[in-house]
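**Student:** Each chain, written out:
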Amino acid sequence: MGGNTRRDVPLAGKGCLVPIQPEVRDDPDRLAVFEARLAAGDRVEPGEWMPARYRAECLRLIRMHANSELMGALPEREWIPRAPTLSRKLALVAKVQDEIGHAQLLYRVAEDLGMPRSQMIDELLSGTSKFHNVFHYPAETWADVAVIQVFVDGAAMQTQGSLRSSSYAPYARVLKRICYEEDFHIRLGLDNFKALAEGTPRQRAMLQDALDRWWQPIMHFFGPRDEASPHLETMMRWRIRVKTNDELRQQFLRQFVPIIHEYGLQVPDAGLRWDAAGKQYVYSEPDWDEFRRVIRGDGPKSRTRLELRNRYHAQHAWVRDAVARWGMAT
Amino acid sequence: MNLAAITPDARHTFAVFRQASKTDAHVHVGDVHAPDAEMALVLAKEQFARRDPCVNLWVARYADIAATSYEDADMLEPSTDKSYRFGGSYREQQRVYRRR
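Quick note, the sequences are listed as chains Y and G, same order.
Each residue of the first sequence is one higher than the one before, counting from 714 in the working numbering.
Each residue of the second sequence is one higher than the one before, counting from 16 in the working numbering.
If you're looking for bench data, these hints aren't it; they were derived computationally from the structure.
Keep in mind that a hint or two might mislead.
[Said to hold, decoys possible] Here are some, though not all, of the chain G residues that point toward chain Y, as calculated from beta-carbon distances under 10 Å: (1) ILE21; (2) VAL44; (3) PRO50; (4) ASP51; (5) LEU56; (6) GLN62; (7) THR95.
Using N, Cα and C, we set each Cβ at its ideal position, and we do this for glycine too.
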């Protein structure tokens, strides 16, 4: 799925119908009509007129999301052969397959914005395009799988849930299916989490250790503080995004900190507390230099995961080739 | 308009329609890229029929789909009051009858 995109295969995207030129100055009359439409709650479809910058921001967001689904399957995929029971293995396979399926849905939406799928895949493989920070970290133990399924997917669910209200309609539509499947992932994760949290002292220690390592990347996941986010203002004004980084981070904390405390585990942030007056969580500032390093491709597992993705891509070349030959034979 | 105007490689992009049961209509659930319809059905089964109920799949090339334009959506809007077409508009009469 989503793999038959190499340039040497006749199936490859036939290039852009619409060139992407974010710096182009838009016709002010059309721009005014567009903004009035969005302000009235209307949504945008591919093929309709849209500002060059709107197109570029949607593409940037959706392509990053697609890349992250494809790369996000890898940390958990490493655990398929080592899953502790057959039922855990079956569920994990299903989840990993869902993530790859999400990438397929998202690259399809992205290509209509004007970038061929082959180019998006090539730039991911060569490391010139980005994917989410959390997928640059190792999954060291089975407890990491539980933490990823509950908290990384839980964090992604905040963002993706809010984006179902995005003004770019094809994105909002695929997110309905994506969120429906993510809900399964989180419930599955909570089952894994509960089994370890109520398990032996060694299992509990393993879970706490995974939480300790994952907490900061998860806080990073929502992106920098709003005032330090360069694209946020435009994205919010055009309702490409509907909630800010800080709103989503708070929403996540309200939902997930209680789950950690319920099992008597610790949030590895001594500065974390509920501010009843401000009705929000106060937390220690995560190390934003690390965040910037990691998304540049300088994380602990960035290189290994990209190499893995390249290796799988090469391994599966025969499948793409067979599909293409099928096309020539019929 | 034809959807080939807005879909890259519309001859090899197939819209997938899933029918959940024989009493349901087929619903567009997503797309696949394939060299022909037979391969499109193989890929559609994996991507769109692996979890939820499905008794039948359709695939159709984007190049073969004709559509109205969103820019002409006005023509689909009611130009006059259409309330007379809805059962809910007749509640008052039903209430009066019941009282007797």
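**Student:** Please list, smallest to largest, the hint numbers that this structure does not respect.
**Tutor:** 5 and 7
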